[in-house]
Each structure stands twice: as structure tokens, then as C-alpha cells.
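Those sequence lines, one after another, are chains A and B.
Going by our numbering, the letters in the first sequence line up with residues 1 to 193, in that order.
Going by our numbering, the letters in the second sequence line up with residues 1 to 193, in that order.
These are calculated hints, taken from the structure and not from any lab test.
Check each hint, because a few of them may be wrong.
As the list claims (entries may be wrong) - Where chain B lies over chain A, by a calculated footprint (3+ residues, C-beta under 8 angstroms):
| # | segment |
| --- | --- |
| 1 | 26-40 |
| 2 | 55-65 |
| 3 | 68-77 |
| 4 | 108-118 |
As the list claims (entries may be wrong) - In the EDC-like style, the derived pairs of lysine to aspartate or glutamate whose C-alpha atoms are separated by at most 16 angstroms in a straight line are:
| # | chain 1 | residue 1 | chain 2 | residue 2 |
| --- | --- | --- | --- | --- |
| 5 | A | Lys21 | B | Asp91 |
| 6 | A | Lys21 | A | Asp11 |
| 7 | A | Lys164 | A | Glu180 |
| 8 | B | Lys5 | B | Glu37 |
| 9 | A | Lys21 | B | Glu113 |
| 10 | A | Lys135 | A | Asp105 |
| 11 | B | Lys135 | B | Glu165 |
| 12 | A | Lys5 | A | Glu174 |
| 13 | A | Lys16 | A | Asp183 |
| 14 | B | Lys21 | A | Asp91 |
| 15 | B | Lys21 | A | Asp11 |
| 16 | B | Lys82 | B | Asp107 |
| 17 | A | Lys15 | A | Glu188 |
| 18 | A | Lys16 | A | Glu185 |
| 19 | A | Lys82 | B | Glu58 |
| 20 | B | Lys15 | B | Glu185 |
| 21 | B | Lys82 | A | Glu58 |
| 22 | A | Lys21 | A | Glu185 |
What the hints assert, rightly or not - Partial list, derived from the structure: chain B residues whose beta carbon lies under 8 angstroms from chain A:
| # | residue |
| --- | --- |
| 23 | Asp23 |
| 24 | Ser24 |
| 25 | Asp31 |
| 26 | Arg33 |
| 27 | Tyr43 |
| 28 | Glu58 |
| 29 | Ala59 |
| 30 | Ile67 |
| 31 | Pro76 |
| 32 | Val78 |
| 33 | Ser111 |
| 34 | Glu113 |
| 35 | Phe127 |
Ideal Cβ placement from N, Cα and C applies to all residues, glycine included.
Number of protein chains: 2
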Amino acid sequence: MDLLKQRIKNDAVVKKGNVLKVDSFLNHQIDVRLYGEIGREFYRLFQNENVTKILTIEASGIGIACITAQAFGCIPVVFAKKSRSANISNDVYTSKVASFTHGVDYDIMVSKEYLNSGDRVLIIDDFLANGEAVKGLASLVSQAGAVLVGAGIVIEKGFQPGGKELRESGIRLESLAIVESMDAETGEIVFRD
Amino acid sequence: MDLLKQRIKNDAVVKKGNVLKVDSFLNHQIDVRLYGEIGREFYRLFQNENVTKILTIEASGIGIACITAQAFGCIPVVFAKKSRSANISNDVYTSKVASFTHGVDYDIMVSKEYLNSGDRVLIIDDFLANGEAVKGLASLVSQAGAVLVGAGIVIEKGFQPGGKELRESGIRLESLAIVESMDAETGEIVFRD
Numbered sequence: 001m002d003l004l005k006q007r008i009k010n011d012a013v014v015k016k017g018n019v020l021k022v023d024s025f026l027n028h029q030i031d032v033r034l035y036g037e038i039g040r041e042f043y044r045l046f047q048n049e050n051v052t053k054i055l056t057i058e059a060s061g062i063g064i065a066c067i068t069a070q071a072f073g074c075i076p077v078v079f080a081k082k083s084r085s086a087n088i089s090n091d092v093y094t095s096k097v098a099s100f101t102h103g104v105d106y107d108i109m110v111s112k113e114y115l116n117s118g119d120r121v122l123i124i125d126d127f128l129a130n131g132e133a134v135k136g137l138a139s140l141v142s143q144a145g146a147v148l149v150g151a152g153i154v155i156e157k158g159f160q161p162g163g164k165e166l167r168e169s170g171i172r173l174e175s176l177a178i179v180e181s182m183d184a185e186t187g188e189i190v191f192r193d
Numbered sequence: 001m002d003l004l005k006q007r008i009k010n011d012a013v014v015k016k017g018n019v020l021k022v023d024s025f026l027n028h029q030i031d032v033r034l035y036g037e038i039g040r041e042f043y044r045l046f047q048n049e050n051v052t053k054i055l056t057i058e059a060s061g062i063g064i065a066c067i068t069a070q071a072f073g074c075i076p077v078v079f080a081k082k083s084r085s086a087n088i089s090n091d092v093y094t095s096k097v098a099s100f101t102h103g104v105d106y107d108i109m110v111s112k113e114y115l116n117s118g119d120r121v122l123i124i125d126d127f128l129a130n131g132e133a134v135k136g137l138a139s140l141v142s143q144a145g146a147v148l149v150g151a152g153i154v155i156e157k158g159f160q161p162g163g164k165e166l167r168e169s170g171i172r173l174e175s176l177a178i179v180e181s182m183d184a185e186t187g188e189i190v191f192r193d
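With the sequences and hints as input, model every part of the structure.
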């Protein structure tokens with residue numbers, strides 16, 4: 001997705017420790033118009049999959065998932081929560097996820113009411129690095145007996161193993177920009193073709 | 001907003017401990033079409049305020065804020081983060097918030113880059129109870145020297161003190177549904193006129 005790659009080139013900042021900072025437009029401050037383009041691109045890619053539900057994970061996936069759902073005719077979005085809160089029922093699907101950004105493990109959960117065996121689920125998230133979040137979300141889909149049609153990722157770090165592992169596992173993974181390499185010294189970002 | 005009140009009557013569940021569970025359509029599973037109506041209503045209320053930025057807090061505010069921003073012609077959304085993460089700069093505005101739902105205090109923060117003295121900020125959130133989140137967000141706006149034009153809340157618990165306190169402090173608070181009372185035994189929900 002050229003518009004996205006150009007935006008990353010212009011506005012992303014490469015930080016030490018394999019951090020790609022895109023918080024001026026993607027996941028702290030949000031360019032809602034860009035989200036609209038992203039949503040339409042995910043729709044173009046998955047429009048023939050009869051998607052019934054979009055599944056994402058809090059926090060930065062939620063906005064992208066909601067605007068993507070508009071492109072799919074306002075199908076429901078479900079976001080997995082990261083910690084047990086007072087108003088979630090105990091009747092949940094859960095999975096354990098290791099976070100690259102935060103360096104800790106956490107549990108994710110979705111109420112059983114909101115993922116069903118009849119669902120055809122598209123996972124949406126902003127970043128893919130080691131793929132832990134997508135693996136955890138895919139596990140929730142599997143626990144529900146639903147069909148996983150694929151995962152749509154805005155930015156994949158192609159030099160980390162998540163993308164390769166997920167594709168080899170048979171999941172249809174569509175990343176709108178795949179960063180092949182990046183350099184915190186020069187700021188250079190190279191995309192996979 | 002009658003459509004919202006009707007939806008709450010139909011689908012919300014009143015739980016003990018003053019919990020109003022609306023996670024089938026508002027903050028776990030999301031009805032994106034309803035979010036669209038909510039966004040248009042916030043636009044109707046604040047359209048003359050020359051809003052330049054929408055400020056919310058992770059997680060469940062993000063989707064509502066993004067879709068509301070579309071109604072305002074795709075102005076930027078900024079969401080405050082709840083814990084210091086590896087790719088947030090130290091150059092942040094912070095405030096302390098006590099959570100009703102989770103029963104713990106936490107820090108919220110926004111990068112100084114994304115709130116500026118020229119901004120006219122509309123705060124958006126899904127729930128208002130004791131008003132701690134809005135107070136914390138208003139503090140970030142104040143620290144930035146920006147103008148707070150008001151706060152748009154989807155559901156206010158009118159029997160908790162946040163709404164009254166915020167209105168008395170001079171903040172323009174617009175809640176689309178104000179629950180005057182609710183009963184966990186009977187499930188009855190009464191709205192303020």
C-alpha cells in the first residue's frame with residue numbers, strides 16, 4: 001500500500017532496539033483519513049471471504065478495526081481485553097501473549113458470547129513483530145470453533161519471525177507494509193517488495 | 001439520544017455494584033453503525049466549537065473517538081495511554097486517574113508533541129461515573145495550554161458524582177444518555193430527561 005509506505009517514510013522514526021515509532025499518525029495520534037484508506041485496502045483484500053466479525057486487541061487495534069468494519073458494511077468488531085476487569089463475565093476464551101513492546105506476558109480474553117462457531121473472523125492489528133498477539137487471537141477463534149479467514153496487519157516487521165511463522169502455519173496474513181530492514185543510525189527504512 | 005437509550009434498554013445488563021454492562025454493543029463487541037450515530041450526535045452538539053483535536057483514553061474510548069473524528073471531517077484523534085511503554089518519549093504530559101471499573105489508580109500520558117496551545121480539544125469517552133478519566137484528560141489539555149471545548153460522553157451514570165462535579169467546574173459536558181437510577185434485581189434502568 002504505497003500511501004502507507006510513503007507516510008512511514010515521511011513520518012516514522014526508527015529507534016534503537018528495533019522500535020519503529022509511528023505514533024504521530026498510527027497509534028497515539030491517529031490520522032483517521034489514513035485509517036479509512038487502510039480499512040478500504042483490507043476490504044479489497046478480504047472482500048470475498050464472507051467475513052462476519054473483526055477481532056482485534058486493545059488498545060491500538062481498536063480504531064483501525066472499527067474503521068475497517070465500516071468498509072465491510074458495519075460488521076461487528078470484538079476487541080480482546082488484556083486483563084480481567086470487573087464487568088467481564090467469567091465465561092471467556094483466554095490465551096497468553098508475550099508483548100514485544102512492553103516486555104511482559106499478559107492474558108487476553110474475549111467473552112464467549114461474542115465469538116461463535118458460525119463466525120468467519122478477520123483479525124486486524126496495527127503491528128506484527130513476533131506475531132504473539134495474532135497467535136493469541138487465532139487461539140481464541142479456534143477455541144470458539146469459528147473460522148479464521150486471515151489477519152490484516154498495518155505494519156509488519158519482516159526481520160522478526162512472526163510473519164514467516166504465521167504464513168507457514170497456514171494463516172492468510174496480509175500486511176500493508178512490510179519493513180525488511182531499518183537503521184536507527186541513518187533512519188533508513190527498506191520495505192519488502 | 002433516543003436510539004442509544006433504546007439500545008441500552010434492550011441490551012444492557014445491570015449488575016450488582018453499580019455496573020452497567022453494555023459490552024454486547026459498546027465496549028467489548030462494538031456496533032460500528034451505532035458508533036456512527038454517536039459520532040454524528042457529538043458533531044451536532046459541538047460543531048460550532050471549531051474543534052481541532054479529539055482526545056480520549058485507551059481502550060474503549062478509541063473506537064468512538066475515531067468514528068466521531070470522521071463526523072468532524074477527519075480531525076486528528078489522540079488517545080492517552082495508561083502506562084509508560086517502551087516507545088513513548090519521556091516528553092509527556094501526565095495525570096493520575098482512579099478507575100471505577102478496575103479499582104486501581106494509574107497514570108495517563110500524552111506526548112507533548114500531540115497536544116498544542118493552539119488546539120481546541122473535545123474529550124470523548126464511553127462512560128462517566130466519578131469523572132476521574134475526564135478530569136485527568138482535562139488536566140492534560142490544561143498542561144498543554146490548549147482550550148478544552150467540552151467533553152462528550154456516551155453513557156453517564158447520573159447517580160455518581162462525576163457529572164455534577166464536572167458541570168460545576170465549568171466544563172461543558174454532553175452525555176448522550178444519563179442513567180438516573182438502575183436496579184440489579186429488576187434490571188430496570190431509568191434515564192434522566
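Evaluated hints:
1. 26-40: Coverage by chain B holds for the segment 26-40 of chain A (8 residues, Cβ < 8 angstroms).
2. 55-65: holds (count 6)
3. 68-77: Result for this restraint: holds, n = 6.
4. 108-118: holds (count 4)
5. A:Lys21 x B:Asp91: The hint holds at about 14 angstroms.
6. A:Lys21 x A:Asp11: 9 angstroms, holds
7. A:Lys164 x A:Glu180: 12 angstroms, holds
8. B:Lys5 x B:Glu37: 12 angstroms, holds
9. A:Lys21 x B:Glu113: Holds, at about 13 angstroms.
10. A:Lys135 x A:Asp105: Holds - the C-alpha atoms of aspartate 105 of chain A and lysine 135 of chain A are around 13 angstroms apart, at most 16 angstroms.
11. B:Lys135 x B:Glu165: 10 angstroms, holds
12. A:Lys5 x A:Glu174: 15 angstroms, holds
13. A:Lys16 x A:Asp183: 8 angstroms, holds
14. B:Lys21 x A:Asp91: It holds: about 14 angstroms lies between the C-alpha atoms, which stays within 16 angstroms.
15. B:Lys21 x A:Asp11: Not OK: lysine 21 of chain B and aspartate 11 of chain A at ~40 angstroms, beyond 16 angstroms, violated.
16. B:Lys82 x B:Asp107: 6 angstroms, holds
17. A:Lys15 x A:Glu188: Holds, because 11 angstroms separates the two Cα atoms, which is no more than 16 angstroms.
18. A:Lys16 x A:Glu185: Distance ~8 angstroms between lysine 16 of chain A and glutamate 185 of chain A Cα, so the pair holds.
19. A:Lys82 x B:Glu58: 12 angstroms, holds
20. B:Lys15 x B:Glu185: 8 angstroms, holds
21. B:Lys82 x A:Glu58: Holds. Lysine 82 of chain B to glutamate 58 of chain A sits at ~12 angstroms (cutoff 16 angstroms).
22. A:Lys21 x A:Glu185: At roughly 14 angstroms apart (the allowed maximum being 16 angstroms), glutamate 185 of chain A and lysine 21 of chain A satisfy the hint.
23. Asp23: For aspartate 23 of chain B, the interface hint holds, since the closest Cβ of chain A sits about 7 angstroms away, which is under 8 angstroms.
24. Ser24: Nearest chain A Cβ about 7 angstroms off; hint holds.
25. Asp31: Holds, about 7 angstroms.
26. Arg33: Holds, because the Cβ-Cβ distance from arginine 33 of chain B to chain A comes to roughly 4 angstroms (cut-off 8 angstroms).
27. Tyr43: This hint is violated: tyrosine 43 of chain B lies away from chain A, its Cβ roughly 13 angstroms from the closest one there, beyond 8 angstroms.
28. Glu58: 4 angstroms, holds
29. Ala59: Holds. Min distance 4 angstroms.
30. Ile67: Holds: closest Cβ of chain A sits about 6 angstroms from isoleucine 67 of chain B, inside 8 angstroms.
31. Pro76: With Cβ-Cβ at 5 angstroms, under 8 angstroms, it holds.
32. Val78: 5 angstroms, holds
33. Ser111: 6 angstroms, holds
34. Glu113: Status holds, d = 7 angstroms.
35. Phe127: This interface hint is violated because 10 angstroms lies over the 8 angstroms limit.
Hints 15, 27, 35 from the list above are not met by this structure, while the remaining hints are.
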